[in-house]
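Just so you know, the protein sequences line up as chains A and B, in that order. First residue of the first sequence? That's 1 in the working numbering, and the numbers climb one at a time after it. First residue of the second sequence? That's 113 in the working numbering, and the numbers climb one at a time after it.
One or more of the hints may lead you astray.
To be verified - Computed beta-carbon distance windows for the label pairs:
1. B:Leu219 - A:Tyr45: 26 to 34 Å
2. A:Ser68 - B:Leu219: 37 to 45 Å
3. A:Thr5 - B:Leu305: 31 to 39 Å
4. B:Pro119 - A:Val81: 37 to 45 Å
Keep in mind that the hints were calculated from the coordinates and are not lab data. Every residue gets a Cβ at the ideal spot worked out from N, C-alpha and C, and that includes glycine.
Here are the chains, one letter per residue:
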Amino acid sequence: MSSETVFLWLVLVVAAGTYLTRYLPFYIARKVAVSKWRSGRFKAYLEHVSPAIIAALLVVSLDSAMISTARSLLSTLVGLVITAGSWWRWRNTGLSVFAGIVGYAALLLVLR
Amino acid sequence: MNLQSSPGRVFASGLQSGLPIIAGYYPVAVAFGIAASAAGLSVWQTLLVSVLVFAGASQFVLISFLGSGVSLLGAALITLGLNLRHLLYGTNLSPQLSTLSTRDHLLVAFGLTDEVFATAQARLQNIAAHRRFWWLLGLEVAAYTSWVSGTWLGSAGGNWLAQQLGLLQPALAFALPALFFALLLPACKGPTLRTVLAALLLTAGFQYLGMSATGIFVAALVAPLVGLLWH
Numbered sequence: 001m002s003s004e005t006v007f008l009w010l011v012l013v014v015a016a017g018t019y020l021t022r023y024l025p026f027y028i029a030r031k032v033a034v035s036k037w038r039s040g041r042f043k044a045y046l047e048h049v050s051p052a053i054i055a056a057l058l059v060v061s062l063d064s065a066m067i068s069t070a071r072s073l074l075s076t077l078v079g080l081v082i083t084a085g086s087w088w089r090w091r092n093t094g095l096s097v098f099a100g101i102v103g104y105a106a107l108l109l110v111l112r
Numbered sequence: 113m114n115l116q117s118s119p120g121r122v123f124a125s126g127l128q129s130g131l132p133i134i135a136g137y138y139p140v141a142v143a144f145g146i147a148a149s150a151a152g153l154s155v156w157q158t159l160l161v162s163v164l165v166f167a168g169a170s171q172f173v174l175i176s177f178l179g180s181g182v183s184l185l186g187a188a189l190i191t192l193g194l195n196l197r198h199l200l201y202g203t204n205l206s207p208q209l210s211t212l213s214t215r216d217h218l219l220v221a222f223g224l225t226d227e228v229f230a231t232a233q234a235r236l237q238n239i240a241a242h243r244r245f246w247w248l249l250g251l252e253v254a255a256y257t258s259w260v261s262g263t264w265l266g267s268a269g270g271n272w273l274a275q276q277l278g279l280l281q282p283a284l285a286f287a288l289p290a291l292f293f294a295l296l297l298p299a300c301k302g303p304t305l306r307t308v309l310a311a312l313l314l315t316a317g318f319q320y321l322g323m324s325a326t327g328i329f330v331a332a333l334v335a336p337l338v339g340l341l342w343h
């Protein structure tokens, strides 16, 4: 096999693997009655899974460059505080994210 | 989103909800395009990866496979291990998307990235059940379009583009933490606050050990137990 053919197979395998992890839960859920998902302790557990995943994604998304120096750490903290303040003021996710980015960038510029 | 909203309006609302994701995806997609070019991939090969895979972490890992002699089975296992957390995304969203047909599930599953899941989880409950497909499709189209076009920009523009972005690149990179933080804030009360704190600590610990993907999976499974049992 040429290197281009191997590359194409690699892409297809990775694409199929990624897609399967996203689709299989829907397929399984169709086989299991929805009422079972919504009942008792499992329902309570599922309600906590989403915030847990988003919290984990928050940690992972904080690139090491954002917390590696005092300047970047301060900018990150201020950006998050502005994001939180904006969210509590307007309850608008898009606006809060935009305000957070502006605050973060502004502080990076000021502290340069 | 009220019951009278047309599919077109709901789709547009989904696109609009994707704006923070677009801001966060562009710098990462551009970086992927640049990295792929540096690894020797042509523009069309790089685009093919983003078009078919649409998963940041998997794509960067794929680039690292090039020339490493890794087997197809090895590639499949590594990718599956990296994406195990996606099993929880579909599991968690399934009750809210139970009215969708098999065809609709097949379609929306493709675009279920970390950021799409986080946004959908927070917003779907405010959308009428029979319109959720269109809203989610709009959100995914916004994310997918920005990812693929950003990849093309990075691949075709190369390092020149990275230099031109200057301060904008780190500023836009902050979009994803800001998005996750904003989506997390409504959950920061009562028992879920304990879950959130446990997840933050667990993930930080695993990240310190260089096992971020495992950390997400462990935090998703263990932190809810802490939140529910720790009174």
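Inset, instruction - Could you tell me which of the hints above the structure violates, numbers in ascending order? - result: 3
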